[in-house]
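Protein sequences appear in the order of chains A and B.
Each residue of the first sequence is one higher than the last, beginning at 1 in this note's numbering.
Each residue of the second sequence is one higher than the last, beginning at 1001 in this note's numbering.
Everything labelled a hint here was simulated from the structure, so no lab data went into it.
One should not assume that every hint holds.
Capping the alpha-carbon separation at 30 angstroms, the derived lysine-lysine pairs in BS3-like fashion look like this [as the list claims (entries may be wrong)]:
1. Lys-1211/B x Lys-1070/B
2. Lys-1232/B x Lys-61/A
3. Lys-1151/B x Lys-146/A
4. Lys-1130/B x Lys-32/A
5. Lys-146/A x Lys-1136/B
6. Lys-32/A x Lys-1136/B
7. Lys-1109/B x Lys-61/A
8. Lys-146/A x Lys-1130/B
9. Lys-1115/B x Lys-1151/B
10. Lys-101/A x Lys-1130/B
11. Lys-1109/B x Lys-139/A
12. Lys-61/A x Lys-1130/B
13. Lys-101/A x Lys-1232/B
14. Lys-1232/B x Lys-146/A
As the structure is a computational prediction, the values presented were derived from the model and not from experiment.
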Amino acid sequence: MIRSRSILRAVYGLWTLVLAAGPVAAMGDPAKPIAASIVGQLVGTNAGAHCVVIRFAIEPKWHLYWSNPGDSGAPPTVQLTLPTGWRAHAPLFPRPTIMGKAGDRTFGYENSLDLLVPVTPPAGVPAGEVARSIAIGAKIGWLACKESVCVLGNSELSAEVSTEPAPDAVLSTLRSYPTRLPPSISASVEGVSEHQSLVISAKVSAGSPAIQFIPDAVAGIEFLDGTGPMHATVLGDRVMIRLAFALHPQDAVDGPPRLRGLLLMGSKDSDLAYQIDLAPPVVPVGPR
Amino acid sequence: MRMNYKAITASVVASAALLFAAAPQDATEGDAHKHAPPVGGAHKEKGHKNAGAVIGHPAPEFTLTGVDGKTYNLADYKGSTVVLEWFCSTCPVSGGGDGSYWGSGSASKTIAGVKAADPSAVYLSINSTKDGHQGKTSAEEGAASAAVITKAGQTVPMLVDADGKVGHAYGAKTTPHVFIVDGTGTVVYIGAPASDDGATNYIVNAVTALKAGKPVEPSTTKNKGCGIKYAKGQ
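Isolated chain A, as found in the complex (with noise of 0.2 angstroms):
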């Protein structure tokens, strides 16, 4: 325990993550897959976020989805009603498990999803004078499956949450929650117009973790090599992955797309992610 608690602080820089405190909503019939509850303390990220959590328990068998859902499913959905002047924002999720075979590949959680809102105290009010704890509501939403099994499921949860970070804490997975690339790794758009290629490129050692791309789902960004994962190519001392993808800013809905999805580092849930997010050149794109 003391092992991973010091590299979830570590590595991750999250912060705080009360298991004692534990859900202080915890809502749902029992005999549904998914209960959801807020937990009663914000946590912290090494961005310096400090983040809402959703818990989701999940009964054996049974999954929920990451931000993309690969060729199948859906993620879960979260609206927070927050006090006047504080604002949340993106959540953010933690390294999903690859799911499925070729043709029907998803990636989700299995056995517990902790999912981080972000959120920000309202503007101009000094560190010292934010509310020690915040009253918070969530309107939660959800696509589980089981096998050839799907039911959608929401919850409305309320919770007293506490603005200062706990000085114990550790998360209910062990699962990484991305963070962003280390300098070691570059990741770069190459070639021109039609023919663009994000390229990701790492420094390997003998006993570096294999590294996956699994790219997440933004409208006007098409990966043409489908849904993931891509593999990397040894090349000497350097992996690379190559992907070809399409720019469609007609189909983008707020915004110049980018693009965006997860390095993973290894293969276990515990194992780094690293994520990728960059604005592709703005090029002229003729009709497909």
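Starting from the structure of chain A, add chain B where the hints point.
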């Protein structure tokens, strides 16, 4: 991140519409699509492998039998816009339950919008669920699906694709999964019926754009829903 947040926060529970997000559809282009080989019915091409329909390319031809016993051939609809929607009666996102696309009334609104935009447009539902899934024969699943449509007050034909050849030819992955074919037989839209919050109906927008002679935008969105349970070996 901001885009995701908007999509997520705008979408609240208890409606299948919230599960239909706007994002790209994975589609791998293959030469086979350019020739639009016929599949299904009497025109099936034995052993043909196809990765899926592609925007701007001819739609795979098909001939299927409906639950009503009639034969439906895509070629018969040349000159009309055709909406193809993959369907499953037990999927809670598609046709299973009050929160589904069909059970929530979203499908009926879509069909009304399609007819208002273009009275000559055709809306077909296709069921590619394998024989024996959840203890039902394909015929029983087709009948159950047709019953869902009838309950919704609609008369959309339910086409049975038990061997999954048509579903694979189009690259249909989920229920629902929508493909729109224009009057020339070209695929012009692949994806979800509507946005997460239901505010944007991609099907109606596409049919409206086609009627006005405009390009369909977006032409791809992220389909979401239950994975289609295809027959093995297809």
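These are the hints, each one checked on the structure:
1. Proposed proximity of Lys-1211/B and Lys-1070/B is supported: the alpha carbons are some 28 angstroms apart, at most 30 angstroms.
2. A hinted pair counts as satisfied when its Cα atoms are at most 30 angstroms apart, and Lys-1232/B with Lys-61/A qualifies at roughly 22 angstroms.
3. A threshold of 30 angstroms between alpha carbons decides the hint, and for Lys-1151/B with Lys-146/A the separation of about 27 angstroms falls inside it, so the pair holds.
4. Distance check on the hinted pair: Lys-1130/B and Lys-32/A sit about 26 angstroms apart at the alpha-carbon level, within 30 angstroms; holds.
5. At roughly 18 angstroms between alpha-carbon atoms, Lys-146/A and Lys-1136/B fall within 30 angstroms of each other, so this suggested pair holds.
6. Annotation: proposed proximity of Lys-32/A to Lys-1136/B holds, straight-line Cα distance about 24 angstroms (limit 30 angstroms).
7. Straight-line distance between C-alpha atoms of Lys-1109/B and Lys-61/A comes to about 36 angstroms, which puts the hinted pair past the 30 angstroms bound.
8. Taking the CA atoms of Lys-146/A and Lys-1130/B, the gap is near 17 angstroms; set against the 30 angstroms cutoff, the hint holds.
9. Distance hint between Lys-1115/B and Lys-1151/B is fulfilled; the C-alpha atoms sit about 19 angstroms from each other, no more than 30 angstroms.
10. Restraint check: the Cα-Cα separation between Lys-101/A and Lys-1130/B comes to about 18 angstroms, which is no more than 30 angstroms; the hinted pair holds.
11. For the given pair, Lys-1109/B sits about 25 angstroms from Lys-139/A by alpha-carbon distance, which is consistent with the 30 angstroms threshold.
12. About 22 angstroms separates the Cα atoms of Lys-61/A and Lys-1130/B, which keeps this hinted pair within 30 angstroms; it holds.
13. A hinted pair counts as satisfied when its Cα atoms are at most 30 angstroms apart, and Lys-101/A with Lys-1232/B qualifies at roughly 13 angstroms.
14. With a CA separation close to 18 angstroms, the supplied pair Lys-1232/B and Lys-146/A stays within the 30 angstroms bound.
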